[in-house]
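Chain B: place on chain A using the hints.
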Amino acid sequence: MPTTDAVVTYGWLFLAFYLVVIAGLGYWGWKRTGTQDDYATARGGFGFLALGFAYAATVASGSTFMGIPGMAYDMGFKAGYYALIYPIGAYLGIMLVARITKKVGDEAGSQSIPDFLGDRFKSPVIRLMASLVALFLLFYVMSQIVAAGWMFDTILGIDYTVGIWAAAGMLLLYLTLGGSHADIITDAVQGAIMVGITILIFAMFLTGWGFDGGVSAVNANLDAGQQWDTHTDSENPIFANWWVIFLLFVGHIGFTAQPHLGNKFFAIKGTQYMKKFFIVAAVAGMTLPLMFLGGVLGAAQGIEIADPDAIIPVLFIETLPAVFAAFLGVAILSAIISTADGLIISVAQIFANDLYRKTYVPWKGGDPSSPAVNQRALLISRVATVVVTIVAVAAVMTPPQYLSVFMWIGIGGIISAYSGPYFVGSLDESTSKKAAIIGFVAGFAVYAVIHLGPQMGLYDSIAGFSLFPYSENPYASSGIGFIVSCVSTYLGSKFTEPMAVEDRNEVFRGTTELSDGGRVESDD
Amino acid sequence: MNVMQVLLVTTVLYFLIVAVWVLKIEDLIEQRSEERATAEGER
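Residue numbers (this note's numbering), protein chains in the order written: chain A, 1129 to 1652; chain B, -13 to 29.
Derived from the structure by calculation, the hints contain no laboratory data.
On a predicted model such as this, the values are computed, not experimentally measured, just so you know.
Idealized CB from N, CA, C, for every residue including glycine.
Incorrect hints may appear among the rest.
Said to hold, decoys possible - Distance ranges between label pairs, derived from CB positions:
#	chain 1	residue 1	chain 2	residue 2	range
1	B	Glu20	A	Gly1353	51 to 57 Å
2	B	Lys10	A	Glu1630	28 to 34 Å
3	A	Arg1160	B	Leu14	46 to 52 Å
4	A	Asp1202	B	Ala5	31 to 37 Å
5	B	Leu(-6)	A	Thr1526	43 to 49 Å
6	A	Phe1374	B	Lys10	23 to 29 Å
Unchecked claim - Taking lysine-lysine pairs in the BS3-like style, the calculated list, with each CA pair at most 27 Å apart, reads:
#	chain 1	residue 1	chain 2	residue 2
7	A	Lys1397	A	Lys1250
8	A	Lys1250	A	Lys1562
9	A	Lys1404	A	Lys1250
10	A	Lys1404	B	Lys10
11	B	Lys10	A	Lys1403
12	A	Lys1159	A	Lys1397
13	A	Lys1622	A	Lys1562
14	B	Lys10	A	Lys1397
15	A	Lys1622	A	Lys1250
Stated by the list, open to error - One side only, chain A facing chain B, incomplete, derived with CB under 10 Å:
#	residue
16	Arg1160
17	Phe1205
18	Lys1206
19	Met1223
20	Ala1410
Next up, chain A with everything else stripped away, as it sits in the complex:
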């Protein structure tokens, strides 16, 4: 990597500043974390502005700075169909379910999305199934840690192995103290910085940085297949045809069901702030993926790199003063960290809340709302945060070969399995428990058959029909999973007993005790 001494020096300075800030925010979060519910959800703790930026930063993740520009560096302008269409799906998704998640989740005291599904359908089985699929998010954490390790290497010249442990140290510095409060506030700051950098990249692209003749000159300097009049490429699984591009949009509607995203809705002060939250998140979320234009610019400038994912830092190092390059490097590092933190909290909650508090305790005949159980769950949350982080780092000392396949069991599996129960179940109150289970299993099964099987090398066609591009396109496969899950949940609810009226009243309009003993009125 073309790191210079000046970049390294400035990089350390920015890193030191960043550490002080996150340690401070960790302390701020710790002061606000008294109960398990605070740690898991930061319920009612944030206004729309902070939460809107935090949500956008978490959706966008490290892929905004690495994966998406890398795709554009490889494939040219058509990568924009991924970059600017996935957020449309993702933010339409939140419009459909955010309000109901907040309302029902607050009333039932749900602490995660698997827990919300269990509470919504009054079904411990659905909660358990959902939390087991969500466990695969651990591989998502691993992939973020790998990315952080490479960023340390690129910007600061630190060895990868040291870098991943440094990333773990930074995460634990604020997460074990401040839980969701620290997660959300650091993500909000992160989101604001990311929007600033994206605007810089967009300006560099519009002025045709490094070229005379602006945007047209950028286009003219690309390979023929990368130029802006090439829309699809039958050899490329992601952009093989317009149908898979449409599926990419559909699949991302279900992206909202990811536990580390859905749990953010609990943190907003009240449902009356939802509209403003939509607007902030929707605008910031559409802005961030414009970063793909940096990858296009890098390809046009003819920058040669081995790893396309590093195109943005390399572009900055090669074309901007060292101080900017170093700032960008630390910003990217914190973007990666900001996605990892939300994921770690979510995985820790699977153990503390979904499996221990809401499954094991009632199974043993205990009361999940008792103060003793809550204190133990909070302790499990903190311990699980440490254990999950350390396990993730230890697992990627040598990056595992099938990391991205396992990661997509989590991401695509959650979209394919949760979508029917979550979306249909939120929009149609009468949806039954059985219909939800049918949608859950059908969506996951189809996704596994068309994508996971071929990815594991088991087969690449069924009865003579080639599974390409689904075999190599997790987004389109998740789109199919989304459709199958929603349709089978809907059909299932036509042929099964609808949810009883008294149960619906309790879930959607009742007043129930919160886990911390407080009460939430139904009209808020």
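Using the frame of chain A, we list chain B on its own:
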């Protein structure tokens, strides 16, 4: 149309949908949910 023009059009459409949702549909959902709560309260 080139890729950037297609994306510009889809982005504008998307923001129109967001605007309609935020200005109209959110209120309709709220209204209907209140109506249903009242109806079930009377039952």
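List of violated hint numbers, smallest to largest = 3, 9, 16
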